[in-house]
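Undergrad: So you can see what is in the structure, the chains are spelled out below.
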Amino acid sequence: MKIAIASGKGGTGKTTLATALAQAATEPIQLLDCDVEEPNAHIFMKPQLTEREAVTIAIPVLDTDRCTNCGKCGELCQFNAIVTIADQTMIFSDLCHSCGGCILVCPEKALQEQPKTIGYIDTGHSQSLNGDTITFVKGTLNIGEAMAPPVIKQVKKMVDPNQLTILDCPPGTSCPMITAITGSDFVLLVTEPTPFGLHDLKLAVETLRLMDIPFAVVVNRAGCGDNRVDDYCSDEQIPLLLQIKDDRRVATAYSRAEGLLTALPEMVTELRALLGRIDNCVAAAQRSLS
Amino acid sequence: MKEIVIISGKGGTGKTSITAAFAALSTQAVFADCDVDAADMHLLLAPLSQQSYPFISGNIARIDAQNCTGCDTCNSLCRFDAVRPGSPYTIIPSSCEGCGVCVHFCPEKTIEFPPQRCGQWYQSETRFGSMVHAALDIGAENSGKLVSLVRQEARNLAEKHQRELILIDGPPGIGCPVIAATTGANAVLVITEPTCSGKHDLLRVLELTNHFDIPAYICVNKWDINPDMTEEIKTAAQEKGATFVGTIPYDEQITTAQIEGKTIVEWGDTIAANAIKKIWNSFCEQLDLPQ
Amino acid sequence: MKIAISTTGNTLDAAIDPRFGRAVRFLIYDTEQKDFTLVENEQNLNATQGAGIQAAKIVADSGVQAVISGQCGPKAFNVLSTAGITIYPCDANSIAEALELYATGALQPAKDATVEGHWV
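Protein chains in written order, with this note's numbering: chain A, 1037 to 1326; chain B, 4 to 294; chain C, 1145 to 1264.
The hints are simulated quantities; they were obtained by calculation from the structure and are not laboratory data. One or more hints might be untrue.
Derived DSSO-like pairs: lysine-lysine, alpha-carbon spacing no greater than 30 Å straight-line [unchecked claim]:
1) Lys112/B with Lys1108/A
2) Lys243/B with Lys1238/A
3) Lys112/B with Lys280/B
4) Lys1152/A with Lys243/B
5) Lys1108/A with Lys1178/C
6) Lys1281/A with Lys265/B
Every value quoted in this text rests on a predicted model; they were computed, and no experiment measured them.
Work out the full structure: start from the sequences and follow the hints.
TA: Structure below.
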């Protein structure tokens, strides 16, 4: 089962929850850090990273001897990454989305694909409180590169369908977040009880409804704001599965790269119960489908 | 005219609350909310939307079911897993990259490619000045282009009203939207927090600003949560060539003000409000901005 | 020779559009015939990215040898230079004024892009 931890607003506690769930789990699991622009889960998990592989996208290179400057590639390219002017064809690889269209359309077979590195994937291991193995995977986008989705997709290729997998997702509701949550069995939306938290939660809820993925809400820093998130969830019949109280001990522990369970060890019971409740939600969603 | 972008790398460090406070303190500025994925600044600035415009970006594939023979060409060529095989085949809009490969190679020419509406942008008035903001449609792509558009419209507005300064609330991360929000700006102010994650993300953001050669300033919010880490961040940021402009103490009143729809500097003489005023003044002096 | 000027209007009295890639249209002025044609740039207004590249292609395909515009980003500069087109940044009030400045040799060709790319 794949559980994605997401949020509309950044900094609501996605990584705090994802890492704490991984540590609380009572079976061997996978933790995938899909927030490739700013991956942070390793800071709390302190995994032993043993392998690194590059993430590449395929960009076209031109064989000028074969190219007749017919311009068909530039006409097809929706991203203006290739242009033919007079008797010259130019490629702007930083605009390329790797759709492969130019290569398919070239009548002279003058374009070939060449890998370009845009990030990397680290893999390693950590341990849960029970001593079970946590397989840890982290994706990192190289600085100056714009396209996070290919790195996120590569991270997700490491999913073992036979294990419980937790995905720590990027914030927001656009391409990176959607790429990360696509294919998940369940999404936990982490929010905080503030106007910003509520506003961005609503956006995330609409996104998940559009994508038709079952989800529930976790309120972090409960008590720091008002009741509007609770009211919204009950009005919209969204299960609110967990509240993590606003506690300066959590913030201080977090600042030292210590997880939620270091600050509030008693929460382990609630987190294990949460995993159980997600199981039930997913089973119920599958029943309603069949 | 100067463009100042406030970003954070990591989300939730207080970027929007602080940008809105700066907006309240400024007298000569136009505001732009470039965090189009999760635009929150309007919750504090309460803009009255004067005009709204659709944001059209690129095209999206759509299979005309009548003529689809299920030949699978589109599915075999699509690199974005955006084709759902079936009878008929369909396109998953949230996965479609808009590359047009399926449209071009469909042997039945039965895939349409209409322009895609991806959101809306607004030009509004707030109690502190004019503002440009936007909302990306649910599941829509290309927030980077919308960011560029919001910035451009803010520049147009600043020119029209002869404003000397554009204050931009930037997006989190280091990817496409951040690059779109920061390239060519006069300065970037990074709001961070004294945590290991905050430091980690700050250093990645500073690599980005160095890469694009944008002067960077930093400010540590909630500094007293971990004073040692605050010092560590200050040193690390200065080693990367960033200028340190100050710290803001942890202040629950920021949340209270937010609930009341006010910026912290309007809410009262709180400890955070005073620190933010000091930072604003020193930042304006250093950058020679109209205060 | 022909010169392309980015503009929001459609006469010689019109203002120069300071944007190159996302200019509304180009006025193509023929210095020998002393007349002009207009080329729309509308397909570029909604381009997801790389508008400067396409705009450069549009003016290159119309056979100009010089471009007068407000600003020019690195990619457009690259394409225009490859096509042997000289770029003259200019902040004159009207196209006519810019052409006058050009004729008297008062405009300096850009040696490099005059603005940062807008990325998208």
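Undergrad: Confirm or reject each hint.
TA: Right, here's what the structure says about each hint:
Restraint check for Lys112/B and Lys1108/A: satisfied, since their Cα atoms lie roughly 18 Å apart, inside the 30 Å limit. The hinted pair formed by Lys243/B and Lys1238/A fails the criterion: a straight-line CA distance of about 38 Å is larger than 30 Å. For the given pair, Lys112/B sits about 61 Å from Lys280/B by alpha-carbon distance, which is inconsistent with the 30 Å threshold. About 27 Å separates the Cα atoms of Lys1152/A and Lys243/B, which keeps this hinted pair within 30 Å; it holds.
Among the hinted pairs, Lys1108/A with Lys1178/C is inconsistent with the structure: their alpha-carbon atoms are about 35 Å apart, more than 30 Å. Only pairs whose Cα atoms come within 30 Å are accepted, and Lys1281/A paired with Lys265/B is accepted, the gap being roughly 25 Å.
The structure shown violates the earlier hints numbered 2, 3 and 5.
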